[in-house]
Amino acid sequence: MEFLGFITLGIFIVLMLLTLFGYIRTPVQTVLVLSTVLCLIVGGVFRFVAYGWDSVVLLPNEFLGGIILHPITALLTGLFLAGGLKASGGFDALKAILGYLRRSPIGLVGTLVILINLPVISSLPCGRILAAALLPLLFTFGFEGGLGILSKSQLIVLIGAFTRNSMGSCGPSPIGGVGQIAEGFLGSFFPTASDGILRAPQAFALMLGTAVVALFLKFVSQKLYPNDVALRNAPEGFDIGKNSETQVKAPIKGFIALAIFVTSLLIAIFQPLGKMPVQSVLVTGALLMILICRIRLNDLLEGIILLPVTAMAAGFLAAGALAATGGFTALASMLNSLVSIKALGVAGMLAIFVQFQTILPLSCARILTAALVPTLYLFGPAQFNFLSWSQLAIVMAAYIINATTSCGPSPLGGGGMMGEGTMRAETGFIKGAYTFASMAVMAPMAAIFMKFLNLSVFQPTDPRFARDIIMIGAFAIAIAGVNVFFIFLGSKIFSPDASKNFWIQLVGFLFSGAIGGGILAFALFELEPTKILQGALGGIIAAALIGLMVPKMLSKRLTATLSGPNV
Amino acid sequence: MTSSKLYHDLLGLLWNSLNLRGVRLFLYALTVALIFPSSRFILAVVAILTIGYKWYKDYRPHKNRNFYYFVGFVAFVAVGYGFAFVNVRNVNEGQIAMRPLGAAIDQVTDGVYIGRGEGFRGSIEVEVEVKDHRIKDIKTLAYPDLISVLDNQIPEFKKELLANGRLFTPQQPKMLRGAPETLTGYFNAVQDALSKGTPNFPKYNWFSSIFLNSFIGQAPNRVTLNALAILFAVFMVFEYTLQSMLNPGTGRSINCYNCGSCVGVCPVKEVEGVQIPMGLVLLTRLGDYERVMELSKYCVGCGRCASKCPIGNSGPLVISAAFQAAREKKGTAFTGDKGNTA
Chain B
1 MEFLGFITLG IFIVLMLLTL FGYIRTPVQT VLVLSTVLCL IVGGVFRFVA YGWDSVVLLP
61 NEFLGGIILH PITALLTGLF LAGGLKASGG FDALKAILGY LRRSPIGLVG TLVILINLPV
121 ISSLPCGRIL AAALLPLLFT FGFEGGLGIL SKSQLIVLIG AFTRNSMGSC GPSPIGGVGQ
181 IAEGFLGSFF PTASDGILRA PQAFALMLGT AVVALFLKFV SQKLYPNDVA LRNAPEGFDI
241 GKNSETQVKA PIKGFIALAI FVTSLLIAIF QPLGKMPVQS VLVTGALLMI LICRIRLNDL
301 LEGIILLPVT AMAAGFLAAG ALAATGGFTA LASMLNSLVS IKALGVAGML AIFVQFQTIL
361 PLSCARILTA ALVPTLYLFG PAQFNFLSWS QLAIVMAAYI INATTSCGPS PLGGGGMMGE
421 GTMRAETGFI KGAYTFASMA VMAPMAAIFM KFLNLSVFQP TDPRFARDII MIGAFAIAIA
481 GVNVFFIFLG SKIFSPDASK NFWIQLVGFL FSGAIGGGIL AFALFELEPT KILQGALGGI
541 IAAALIGLMV PKMLSKRLTA TLSGPNV
Chain A
568 MTSSKLYHDL LGLLWNSLNL RGVRLFLYAL TVALIFPSSR FILAVVAILT IGYKWYKDYR
628 PHKNRNFYYF VGFVAFVAVG YGFAFVNVRN VNEGQIAMRP LGAAIDQVTD GVYIGRGEGF
688 RGSIEVEVEV KDHRIKDIKT LAYPDLISVL DNQIPEFKKE LLANGRLFTP QQPKMLRGAP
748 ETLTGYFNAV QDALSKGTPN FPKYNWFSSI FLNSFIGQAP NRVTLNALAI LFAVFMVFEY
808 TLQSMLNPGT GRSINCYNCG SCVGVCPVKE VEGVQIPMGL VLLTRLGDYE RVMELSKYCV
868 GCGRCASKCP IGNSGPLVIS AAFQAAREKK GTAFTGDKGN TA
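As they're listed, the protein sequences go chains B and A.
For what it's worth, the numbering used here labels the leading residue of the first sequence as 1, then goes sequentially.
For what it's worth, the numbering used here labels the leading residue of the second sequence as 568, then goes sequentially.
With the rest of the complex left out, here is chain A (with noise of 0.2 angstroms):
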């Protein structure tokens, strides 16, 4: 294969791969899972589960040893959660003894050090210098929750760190929206400062880094919960609506209002559960091509539904451009009139 034929076939790959809707689903959770550390663990959960239900639908009647490979995944994700486990709840019970909170600035060396806490709207980062085994200074680099949240708790909350010179958990305020989170980032931004200090604090090894990065992240909570729940809705309606702008002429199925007049006109109505021509218009919108080309024999093709959508729609354009789209899909050229196929 020359590379330009490589190049040629490489790009084709790609936009038949885009065409398939696991592909694209695949991808949207992909970003998601690269830009929003806390969705990892849902979505890893969710993308073992779907695959092991495909495998296993697909392998396990035929024996197939592809069904193995998948159980052999699973056990490795198992094991390698099991290790992670053990490692990080020791390390955590470790640093609980060492935590620089309190009396245990002691063990804090001198020095400058950054540290980062998640607040409301983002990552807080904080500079603490320590000297004598004392707080001396926090500068304050990154601090997103600005934006939204009336904060006097933060710099009353410094001037207390700072006139003590050591760490103490902040008492937590109740009325506004977001403070709490933002105090709690901020203390935790300056207690990850401080650790960096603290000679032999315990770490997470190498590989419980990598299996929390790239399978947890974060803690998921009932904001991740919610903010998964709307990028699944935005997801789908974006998904939704570039399926018929994927295969040409089907982009007029978005413009259906839905409003059912042309199955008010159109002689036919209704067939096998489905109306006619709003259904046919509507699986062509969802791109489920093959049941619209079931179903389009039933069209007459007599362009009432046309004159009597309230946006000029016609239902046999449509029809036939989703019949069209079948007929590539299953790789056989239609050369056919578009006209008479509906």
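Same shape as in the complex, but just chain B (with noise of 0.2 angstroms):
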């Protein structure tokens, strides 16, 4: 049975390789669906030489039991009232009251590190509700899109860490977010971990990584990459920030659709009707903008956005197919036997874990979180016992904001295409930024989080709460502060040679990389040297790993065709 488990993991690394690096031009569900059926027929052969045909019967169950339905249909449900929203005129309404947020005393830089944040403040199911509605707003900042409020440097900055916001934000949505999928798990121990264990390490996590991304993309992208945005700088004599305000206007029904928007939100998160399931809800708030709001059916289902969706439920399939035929058993004993190796133990092996989505990401983060948080959750003590509940809930955390953050520097249709494209940059140009601030930032502040807060006491009377407030401070300072200091200093000694500067950011990725490992690894085993050690090697591999598939130069063919006489 573990041979026939290496076979199917097999099958299914092969596909996702051959598919992330452009050799299996499909969508990714496809192949998802494809890695399953392959997958089935080779479990069914083998079980049948093996077990005889009752065992082949069996096949169909386990590997639907799989499934788990409630993030699919609260991600649907969440996408319909985002589709109402929208058709309502909500964004509109939205982009109004930030337009009076400029004009308040917090001016246009408030505003816009709010308009930054906006994605992880409303934390949607999917990030690319909130960029498909907002990144044309953002553009218009600019001296291309007509304000030229800001210059091209600084548009590159906003919509990048915009995007790098939004692709993230689905992991502490409470209405089908990623990281619900690990709650659910975490659920057998933690009885209220369903409630939403994971959203505040993630939404820390993810605020602070945006910050350190608008730094590396001003700092470090546009050194690396100088010729590959085809944003036009405003001519000479063009005053930047001067230009006269604007006012959107929204319509009433917009402002309406938000309250009900926002209403519904708070209901599925508080639950102060009684526990109900968050679909209930959402469907309930999108009729009402049927009905109050004047909109159509057919715009809630302009909402959809199918590919999150279907990855997810093909994830699940595939994540299903593996279980049942023994590939994630075989997959755990890999990882066991990185264990063995006495430089990495489970500090290193855990290190490298949390950052397995980051090295190889997907479109969509749902497909490979549905398969590995299973292969977590075994490391605990429900199987292999390397870690204690808290521990695997660290870990969590850490491996959960690292794959929902993932789904921005993918090159297979990624939501960060969409702020390359609204920035009008070649594909990879914010790859660098994402996967660092992922890698170095997000994934050991939410383990220091996890611990230091949701783990420990959360009552602000008892001193050992001010202590731990003062401790999840102290490490946010000390992880963006060491980084910020590489983005300093990688800026500052980068060189024309595209070539010599790949290699400066790869060794500021590695040192990060050991930053971060042995921070997760202090996190789980606390001041235990050899692990911090441990954590810190497997962090080193993680970040070579991912450090060199950064790219090390952009394609010009954009930058050609745009600037050329043919436009």
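To be clear, the hints were calculated from the coordinates, so they are not data collected in a lab.
Only a predicted model underlies this, so the values are computations on that prediction, with no experimental measurement involved.
Mixed in with the good hints, there may be bad ones.
[To be verified] Below, in silico cross-link-like pairs of lysine-lysine (DSS-like), each with a Cα-Cα straight-line distance of 27 angstroms or less:
| hint | chain 1 | residue 1 | chain 2 | residue 2 |
| --- | --- | --- | --- | --- |
| 1 | B | Lys-552 | B | Lys-223 |
| 2 | B | Lys-95 | B | Lys-253 |
| 3 | A | Lys-836 | B | Lys-249 |
| 4 | A | Lys-763 | A | Lys-703 |
| 5 | B | Lys-95 | A | Lys-836 |
| 6 | A | Lys-621 | B | Lys-253 |
| 7 | A | Lys-703 | A | Lys-725 |
| 8 | B | Lys-152 | A | Lys-836 |
| 9 | A | Lys-896 | A | Lys-624 |
| 10 | B | Lys-253 | A | Lys-624 |
| 11 | A | Lys-726 | A | Lys-703 |
| 12 | A | Lys-897 | A | Lys-864 |
| 13 | A | Lys-621 | A | Lys-897 |
| 14 | A | Lys-836 | B | Lys-218 |
| 15 | B | Lys-492 | B | Lys-152 |
| 16 | B | Lys-218 | B | Lys-152 |
| 17 | B | Lys-500 | B | Lys-223 |
| 18 | B | Lys-552 | B | Lys-492 |
Dock the two chains into a complex; use the hints.
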């Protein structure tokens, strides 16, 4: 049976890698279904030979058992609500509110900071919803967009940071977010895990990571790829930032839709009317929008983004097929053998594991999350006993934030491409910034947050609570500080030679990876020097794999065509 | 009309009907109502409200008599509901008085009776034998909850029923998920069986039975609402996917990742609030071919989007297929070159 597991795991990984590197150019869902079918055929043949027909008959039930309906349907209903919000002018209302904020004492900068963090504030089930609605607005802030409030460089930072925040906001979303998959597994020990045990660590890490992305884009990416963004700079003499204020007007039904949306979200999260499924609340909200805001059923349909829905369903199918054919057991025993390498140990293996989806970024995080969360779960008391339940929750937090942000740098139609499209950049422009922040900032920060807040004392009157909050603050400053220092240092020593810059960047990745791995090990095993060193080594290995996949230079095809005589 | 032509036309009619989203939605709702009794009341209310709104919009401004037909239908439903409501209330009151609980077992004549009750995962069916006004034996004929619920309460409850020889309300277990529903379902099944052995046990009249089964089924509860919400979401996605499969060439739109990389390279980028070409591909997926037709004139057909798309979707190809579908929908034959339409 173990042999079969290695075969099916091999099929899955090979197909995923072929898709990622562009050898299979078909939607990733199709590849996942193909992987499922192949695994089931191989599994069926193997079982027939080894155990007879009765064992084969059990196979479909075993693999269908891998499907978790709740996040899929919650995501769908969340998308309906977003569709209704868009059709009834809710996003225009949001823009109008941002316009008021801009004229308020917080000014333009404060408004932009809120705007960048709006995805994590609203936590929609897919970052693409808000990105599709607001990226065109962000573009207007530049010279080409008409307002001319921001320069080209500033616009790159704004768009990149906003997209980073969007493509990760699906993690803490309480309405079908990716984090819910892991919360479901943690629920087998923590009774209230499904109420959002992973939400706060993810949101906090995402906010901090977004800020680091902004700096990376400003000081590293624009120096590494100076000619790969086709946005135009304002002509000389154009006074950036002195442009007249434009007022965005929104229909009244847009504000009503926004109110319905926020109310539905609050009811879904806090359940003030008694326990009720998220889906019921969101569908009721969507139907209310139809009745009150006079939108059509088609408008709700317009909100559907098929990719995350089908990716999650296909991911569950593939995961179910792997589980039924022993693929996860094979993966777990492979990782188990990594543990037996003394230099790595459990801490080193986990430092690599939490970065898995950043190493292999697919167009939707749900695909691999559905497959890998059960494996991670096996490391806990459920099977291998490498980790206690609390340690499992810490690793889950680090893994999930890394996973949810992986659609950002994915070249397979990941959400980050929306940002690249808006800033007219080559594919891969944002990859370095996004992967660096996920690896070096978000994963360790989520682990620390989980350890010192969610799993610790939660009584503000308790003195230990203040101590834990200070610990989180200290770690946040240290993690952000060190990585910002690397970013500044890199920007100072970059040269016009792209090849040399690539290696400089890689060294930065390795250092940050080591620190990230060490912090993860500290969060898990506290002050055990061996474990911390093992974690650091694991972090270096993961960082090397991530850093080597950041493009050395980007194609100039797009730039050439957009600025050439053909346009 | 010859029979072959009628046959041909009938198929054509069916096919054309299936191409209408409204007809498909009606079929989904009908399927759900047929197999899911407790959803009927909610679906009936939604159907009446929807039809009422449509008819009001279409016929009321023109004072068409069709509007009054609808008013008549609603009046019939309202009167029928009132009639059934009164009947059901009276019968229920009568049943409470004669319910074979406790001492009322004396009214049940000897015999073997089959009864049903709704458990956590479906209908529980039992066969109850009554002798000398005492429960002598209970056989469980159907018990779907067996697969999911730790149900040692049921044998315990059965043992007590046989020991006492009469029905009593069980103490509700609180710890196990689904256990209260299962136990209540079992209790209701035994009660239903015993009520069949009670002479002159009040029953609903035929009109109320038909009306209840047609429009209400079982009383809707939160589980029904949640199931309907999930079914609604699932059917909508099915519908969304099916739409583009029903029209040749538009199926490619399903592949779109919504990544927007095509928008970045498109020389047009945005028209009338729609991102080009991604927005047009998504409108095609939605089945809004008219809008695609309106906006397709902005596509310059350069094909840069196809070279940038991570899965090789071609915007102009999808747009031209939607254009063709719009023309066919309008009933005008389109003979031009597809490639030029976009």
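Here is what the structure says about each hint:
A threshold of 27 angstroms between alpha carbons decides the hint, and for Lys-552(B) with Lys-223(B) the separation of about 12 angstroms falls inside it, so the pair holds. The straight-line distance between the Cα atoms of Lys-95(B) and Lys-253(B) is roughly 14 angstroms, inside the 27 angstroms bound, and the hint therefore holds. Taking the CA atoms of Lys-836(A) and Lys-249(B), the gap is about 23 angstroms. The hint holds against a cut of 27 angstroms. Note on Lys-763(A) and Lys-703(A): the hinted pairing holds, with a Cα-Cα distance of about 16 angstroms set against a maximum of 27 angstroms.
Distance hint between Lys-95(B) and Lys-836(A) is fulfilled; the C-alpha atoms sit about 21 angstroms from each other, no more than 27 angstroms. Among the hinted pairs, Lys-621(A) with Lys-253(B) is consistent with the structure: their alpha-carbon atoms are about 22 angstroms apart, no more than 27 angstroms. Only pairs whose Cα atoms come within 27 angstroms are accepted, and Lys-703(A) paired with Lys-725(A) is accepted, the gap being roughly 11 angstroms. Of the supplied pair hints, the one linking Lys-152(B) and Lys-836(A) holds, its CA atoms being roughly 18 angstroms apart against a limit of 27 angstroms.
Our distance criterion of 27 angstroms between C-alpha atoms is met by Lys-896(A) and Lys-624(A), whose separation comes to about 23 angstroms. Using a Cα cut-off of 27 angstroms, the hinted pair Lys-253(B) and Lys-624(A) holds, with the two alpha carbons roughly 21 angstroms apart. At most 27 angstroms may separate the alpha-carbon atoms for a hinted pair to count; Lys-726(A) and Lys-703(A) meet this at roughly 11 angstroms. A C-alpha spacing of about 18 angstroms is found between Lys-897(A) and Lys-864(A), which places the hinted pair at or below 27 angstroms, so the restraint holds.
For the hint linking Lys-621(A) to Lys-897(A), the alpha-carbon distance of about 22 angstroms falls within 27 angstroms, and the restraint holds. Distance check on the hinted pair: Lys-836(A) and Lys-218(B) sit about 25 angstroms apart at the alpha-carbon level, within 27 angstroms; holds. Taken as a hint, the Lys-492(B) and Lys-152(B) pair is honoured in the structure, with Cα atoms around 21 angstroms apart against an allowance of 27 angstroms. Only pairs whose Cα atoms come within 27 angstroms are accepted, and Lys-218(B) paired with Lys-152(B) is accepted, the gap being roughly 11 angstroms.
Restraint check for Lys-500(B) and Lys-223(B): the C-alpha separation of about 13 angstroms stays at or below 27 angstroms, so the hint holds. A threshold of 27 angstroms between alpha carbons decides the hint, and for Lys-552(B) with Lys-492(B) the separation of about 18 angstroms falls inside it, so the pair holds.
Violated hints are absent here; each numbered hint is respected by the structure.
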